[in-house]
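Trainee: In the order they appear, the protein sequences are chains B and U.
So the first sequence is residues 1 to 119, counted in this note's numbering.
So the second sequence is residues 1001 to 1179, counted in this note's numbering.
Check each hint, because a few of them may be wrong.
Claimed, not checked - Going by beta-carbon spacing under 7 Å, a handful of chain B positions derived as facing chain U:
no.	residue
1	Leu46
2	Lys95
3	Leu98
Simulated from the structure, these hints should not be mistaken for lab results.
Virtual Cβ for every residue (Gly too), placed ideally from N, Cα, C.
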Amino acid sequence: MQPGNAMPGQSHPPRGAHDLGGLPAGPLQRDATHEPEWWEKRIDALLTLLGDAQRRLIRTDELRRAIESLGEDVYTTHTYYERWTLAIATLLLEKGVLSSEELDARVERIRRGTPTADR
Amino acid sequence: MRELLIEKQVITAEEVRAAVETLDSRTAAGGAKVVAHAWCDPEYRQRLLNDGPAACRELGIDIGPTRLIVVENTQAVHNVIVCTLCSCYPRMLLGLPPDWYKAREYRSRVVREPRSVLREFGTELPDNVAVRVHDSTADMRYLVLPLRPAGSENLGENRLAELVTRDCMIGVTRPVMLP
């Protein structure tokens, strides 16, 4: 690097949508708080299982990378556990645990309300 | 997704149910127990500050593979924790994080203007108290060891634990004596 060139940090890539530290924002929305819903706990539990010593399919850092790669639009328009869900699905597809055809077909079936074996 | 993983025998429905139950069983009571014990036992307090996970294990709480650093509030220093990048949180000790901890407003602002964020929680710190904000990561979690409130000298450990709330272990409030 040329001496006296460029301020430190000038060559940093642009911030990701997840990188919020120090940005301006409004007052805290403490009243908007909610108890985790059943499906949110289930997603959380699913991640724990997928990352446990028995399976080792998804690590915390992989989840973070997947969440951070969702892109700003998805990141800002989805709730916390919706982002987790998308990220876990992405990783399971990447790793070939699930295929997109299987996933699409199942989502479609659930949308149409066809009963499945285990609810 | 869950259904497919069950059909493919990656997980079982029973495992998911049990994992949700474990999740529900983790509350801030675990952290409160650790804090109250540290208030009563100076040697334990020192062990907790030196090696958080080992000290938690002494009380039967397994932190898992993540690192844990316990930061102690004093008359001169007040600590606050955040995860600006996501929502990393000492969930083994505090349960699931509240929504505001995961929200944009807290994550953005607490590193830049912690005093005004604390004010929104009703916590007014004197100017001579320094505020330290600790930004967590996926592998590194923090827990605040709050100051034992004045007037609590005669309380036993269980009563003390009742004073220790989730928010004071995040560092946005301070424990107070119950009326």
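Trainee: Work down the list of hints and note, for each, if the structure agrees.
Mentor: Results for each hint:
{"no.": "1", "hint": "Leu46", "in the structure": "6 Å, holds"}
{"no.": "2", "hint": "Lys95", "in the structure": "11 Å, violated"}
{"no.": "3", "hint": "Leu98", "in the structure": "6 Å, holds"}
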